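Enquirer: Here's the letter readout for the chains.
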Amino acid sequence: MSDSMTVMQERDIRTKTIGQKIFKILGKTGTYAFLLIMALIVLFPFYWMIISSLKTLAEYRQAIPTFWPREVMWGNYVEAFQTAKLGDLFMHTLYVGVVSTIISLVITVLSAFAFARLEFKGKEMLFGALLATMMIPGELFTITNYITVNNLGWMHSFTALIVPFLVSVFYIYLLRQNFMQIPNELYLAAKVDGTSDLKYLWKVMIPLAMPTLISITILKMMGAWNSYIWPKLVANDQAHQMITNGLRNAFTDTTGQANYPVQMAAVAIVSAPLFLVFLCLRKYIMQGVSRSGIKG
Amino acid sequence: MVENKQQWKAWLYLSPAIVLLLVFTVWPIFNTLRMAFLDGYGNMAAMGGQTFQFGIANFQKVIAYDKFLDCLKTTAILCVATVPISTTLALLIAVALNSIKPLQKTLQTIFFLPYVTNSIAIGMVFATMFNIVNYNPVAQTADTWGIINNVIQFFGGTGISWINQGSSYTANIVVMIVYIVWNALPFKILILLGGLQSINKQYYDAAKVDGTPKARVLGRITIPLLSPMLAYVIITGFIGGFKEYSSIVGIFGEKMGPPDDAGRLNTMVGFVYDALEKDRQGLASAGALILFLIILLVTLFNNKIIKKHVHY
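Protein chains in written order, with our numbering: chain A, 247 to 542; chain B, 214 to 525.
By construction, these hints were calculated from the structure, which means they are not laboratory data. A portion of the hints provided could be inaccurate.
[Claimed, not checked] Calculated cross-link-like contacts (lysine-lysine; reagent style DSS-like; alpha-carbon spacing at most 30 Å):
#1 A:Lys478 <-> B:Lys222
#2 B:Lys286 <-> A:Lys367
#3 A:Lys331 <-> A:Lys445
[Unchecked claim] Covered stretches of chain B, as calculated for chain A (at least 3 residues, CB under 8 Å):
#4 261 to 274
#5 279 to 292
#6 303 to 313
#7 367 to 375
#8 392 to 406
#9 410 to 422
#10 429 to 443
[Claimed, not checked] Here are some chain B residues the structure puts well away from chain A; computed CB gaps all over 10 Å:
#11 Lys222
#12 Gly253
#13 Asn256
#14 Thr357
#15 Ser381
#16 Leu510
#17 Val511
#18 Ile518
#19 Ile519
Every value quoted in this text rests on a predicted model; they were computed, and no experiment measured them. All C-beta atoms in this analysis are idealised placements derived from N, C-alpha and C, irrespective of residue type, glycine included.
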């Protein structure tokens, strides 16, 4: 009697665990299916950009679209490069990006060092005031900066693209937090040894804060690459045009008759460097973004 | 003596940052306020020696201007539609990502990809996906339907004009919502997944012991513990939404609308820049201040609602 009871109970438990297992597998399958479908949706525009960029115009225009180009047209890329003068645009953007990143890093490191290590009157107040400016939307600054740049005679120059954005309060804040984690004893020990501030900064603090500095560099370069509004306002001429503005201006025809394969090739060329940088420095970018909460 | 030396050095190190901030951050705050309250202020006219009266005429003009209300309407619609959709989707994706082991890193990278794109460039890709060539609405024919219409037709629907000549405002807005949500997902997923990974596993073990169903775990453990991050992505989502501009330029070009109705999709930020470029800085300043005020109010309102539901 008691024997059959336990057998029945055991069977009960077994069916229950099998049921649970099936349920669990179904749940996992559902989760993966959902994620894969979403991933396909996210990736689709990139896929469409690349295959469209390789089609002939005639194939692109077909009523029933092809999902793989019948004839691979690498020539579209050459044409895109020439039509949009991408070479010049690359050089302008690279110049603005590199120069503003270097100067910006120097200014940020010096300020963050002063806030993190040195004692001076009004330090807390000044730092608080700086942080307060972060709440104001950028559009408010743009209006006056447009006038300032105009009155300084900087219109249509790289100076106008670089100087107004050299200081970012957020980067100073980020680096100061990082510097504060480095024990003060190191600084005092260096002082005793007679090491100068700058040497200490260069030999100790900068190497220790490298991940933050790399994040700042990447975000700053991405900023130059993606900037559109400010360059459009102050330097949208041939000699200074940035890559995003050049791309948009080269293909303004929205009537539907445009040569879309060439346009997609241009978009692919402009997007490629960002992807390469992302794939190589994924960790720093995602770290930087999750801390900063800004669109690069 | 040492103290004094440090003082002097600190200000020396800070001087480049302070000079630049004074010119490009502090001065603009005061000057923008000043220009907003000088009736009809324009820089060129001011340089020419013209003086302006103090008053609130700029604000009156901005509000009375019918296109400003259109801009406000478009901005508000985009905001209200995209923030809930992208937040919900991001939450579901983050929870799903957090529950799997194999492929997690790969999928995470894929979901982050839209972030490292240029919103103008990829906007052009979305434009080609929605683009329709030589559409005839009566005969229901077109030379090229565009891949989105192809998909709709595959499932038995009829293609429509999304962004071209003769497209409706609703169709334009739908395209913008799709694009903005696609663009907003990566940042939200990143923040929410980070939050999920920092939740103490003990809560889930306790739920497992009690045999709590999955949906209840999500509603009673995950979402409450994630609420600070949810609040953060919702607030930044609204702030970003009210500043929407370049995603529209990406799809529609600088005309900010379909070819037959330029400016139809203009936003608040677009309005400010239009006024700025036409040397009507007083009007632009007033518009920017109104935008700032709206963002402030929406953020305070969000905070108030969120305070009731967020568990820190």
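Enquirer: So which of those numbered hints doesn't the model satisfy?
Expert: 1, 2, 3, 4, 5, 7, 9, 10, 11, 13 and 14
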